[in-house]
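**Q** Spelled out from the first residue to the last, the chains are:
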Amino acid sequence: MDCIQSYVWIVPLMPLIGAVINLLLGRRLGNRVVGPLACLTVFISFCASTLLFLSLTKLPAESRSFTNLVYTWVLVGDFRAEVSFLVDPLSAVMILIVSGVGFLIHVYSIGYMHGDKNYSRYFGYLNLFVFAMLTLVLGDNLLLMFIGWEGVGLCSYLLIGFWFEDKKNAIAGMKAFIVNRVGDFGFMLGFLLLFWSLGKAGVWTIRFTELSANAHLLSAGMVTAITLLLFMGATGKSAQLPLYVWLPDAMAGPTPVSALIHAATMVTAGIYMIARMNFLYVLAPSAMTVVAVIGAATAFYAATIGLVQNDIKRVLAYSTISQLGYMFLGVGVGAYSAGIFHLMTHAFFKALLFMGAGSVMHGLSGELDLRNMGGLKEKMPRTYWTFLIATLAICGVPGLSGFFSKDEILWKAFSSDHGHWGLWLVGVLGAGLTAFYMFRVVFLAFFGESRTDKKAHESPGVMTIPLMILAALALVGGYVGVPEVLGGHNRFHHFLTPVFDRHTEVATHAHHSVGLELGLMVISVVVALAGIFIAYQMYIRHPEHPKALAERFPRLYNLLLNKYYVDEIYHAVFVRSLLGLNNLLARFDLGIIDGAVNGSAWLTKITAKWSGWWDNTFVDGAVNTTASAVISGGSVLRKTQTGRIQNYLLIAIIVIVVIMVVKII
Amino acid sequence: MIIGLEHYLFISAILFSLGLFGVLTRRNAVSILMGIELILNAANLNFVAFSRFVTIGISGQLFAVFVIILAAAEAAVALAIILALYQNIKSVSVDEADAMKG
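Protein sequence lines, in the order shown, are assigned to chains A and B. Under this note's numbering, think of the first position of the first sequence as 1, with each following residue one higher. Under this note's numbering, think of the first position of the second sequence as 1001, with each following residue one higher.
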């Protein structure tokens, strides 16, 4: 046993330490310490993750899994909830992505956030975010996963609303939090339903390994309900239809935060969760179909919105939603490893794209509108080249990382038992749109004449070096999963396979020929290249075309520009109706509840008045009457006290005489 | 005419009545004191008379002597009180000494 295997807890603990130190002592330590400290803690996590990964590869393929029990948290009868970390190929890949990409984003942040007055708070939150995500992927039971799940939700809220002085940002943070809450509600219901229904079947457990071993005890309907509820959680966290609305607004936070949310943490949680719960999804084919259809629909839908957006970060946000749709399409057709593969390559190029956009912003002092950019190629060469590589990767240009992962998903969508050619077609169309809108960004931002007065300048090394590292990863990251049909070994796939049920993973190549796979691959590449070509035609050769097109189809253009009015619809349907209900309840509260309270107060007042009157009149009256009777009696009797001895004497004598007379008679 | 007990008692009653009348009607404290002397002497007369006509022995006369001594002492004390009263209210009229009025 490798000794690192009992030190898994170092991975999540280090960012937590960083977060605690930065949040509590950050102001006193000063900015020179805070940034490097935050980077260091994540770097240690990354090193530990790498060691764990290496120790995992040394094990035989069948037994590549171990848990590290830190302590038993809850112990009730046979049921136990532990703080225990599970390392298997899936979580090993995830912690590598989270800590690796997270580390680069931390380094980049040192340059990007330079001079911000809340520097230490920023890095504290960033570390906390990484901690929450690592807990999510490492936890070996549902409860620990849930803690991480809520933790990333919290951190996203804190970071999106980081510049909360501007009300717009604070609202974006709240929006993210509330929309996530809707999804989390489903996740929690699914998690509790799973726990309860397995418990009814005799197994009270929340550990993934035990859940997996006992999943067959559940009835089919129950599994479908659980998986759909869990998927509802995933749509919230991973920004799928219909709960994607928070993600485009999430760019209100600092740009590295967007990179972190969109690439390494947060949005990947939903994909990871479904991959982790694959043993349930395998038992619920209808739920898998739902996942695949929602994924494909989101992939296409978000891509269409991305076509016309003018805000560079907004385009990237919709592309993230679209790419996450591909991942769900992958896991929905049972190709879990393909989904995770795309998650990894996407983490590389999406982090790169966001950090490139941040670098452009940095160079143009905060400019976000594509219409005010242009001609940055010469002024920001490093940003340009890295951004271009990422764009080529996301478009699926052969040879780059995105090509391998996206193509594997599309192939599985076509060929897998759960797949359908319709899903494939939607995916390919989405890929074409992706190629178009990504190159639109590149052409508008980096080519042509400059359309701004601002003096652009290249960002400092601390920002561009992470860009270059990520560019290298985006270039070669796909080669760990070269499919067999192209002469590779798809090692990534084989590495992950033990985690997933093998019945769903294999048995795809059996029905279909190599020629078909290659043919489909060529089609998707051609579609992507066509997208790039159209973008070139419209934005380089004939820059007047886009405007003419928008004027010819104003309705469609406005529909896309306004994001299908989904925000407005949600506002009208949910927010307004909630506010209406709110009003109604407020009126009920004011009218009935307050009325009842006031009425009882009024009643009390009246009875108090009555009893006060009774008290004043009768009780006090009796007392006062006694007193005044005594006083008046006294005032009568005092007259007998004349003070004259002779009077007294006279009375005494009269009385004596009277007594004597009476005696005698 | 044989002078009997009834005559003494009659005289004594007249004396007592005169004394009582003086005590009740006079406003001057000294006059009241004199009335009291009359009452005391009426009592003395009764003592002596009863001692002579009713009981054998000297107990009645002895009491009369006690009363005379008491009257002397009483006169001394009463006069002292009257002096003190005069010093306080510059008068010996008992009508003006009504501080005990209720």
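Please keep in mind that the hints were generated in silico from the structure rather than gathered at the bench. Be aware that one or more of the hints could be misleading.
Taking beta-carbon pairs under 10 Å as the criterion, some of the chain A residues facing chain B (in silico) [said to hold, decoys possible]:
{"#": "1", "residue": "576"}
{"#": "2", "residue": "638"}
{"#": "3", "residue": "643"}
{"#": "4", "residue": "653"}
Only a predicted model underlies this, so the values are computations on that prediction, with no experimental measurement involved. Positions of the beta carbon are idealized from the N, C-alpha and C atoms, including for glycine.
**Q** May I ask which of the numbered hints given earlier this structure violates, with the numbers listed in increasing order?
**A** 1
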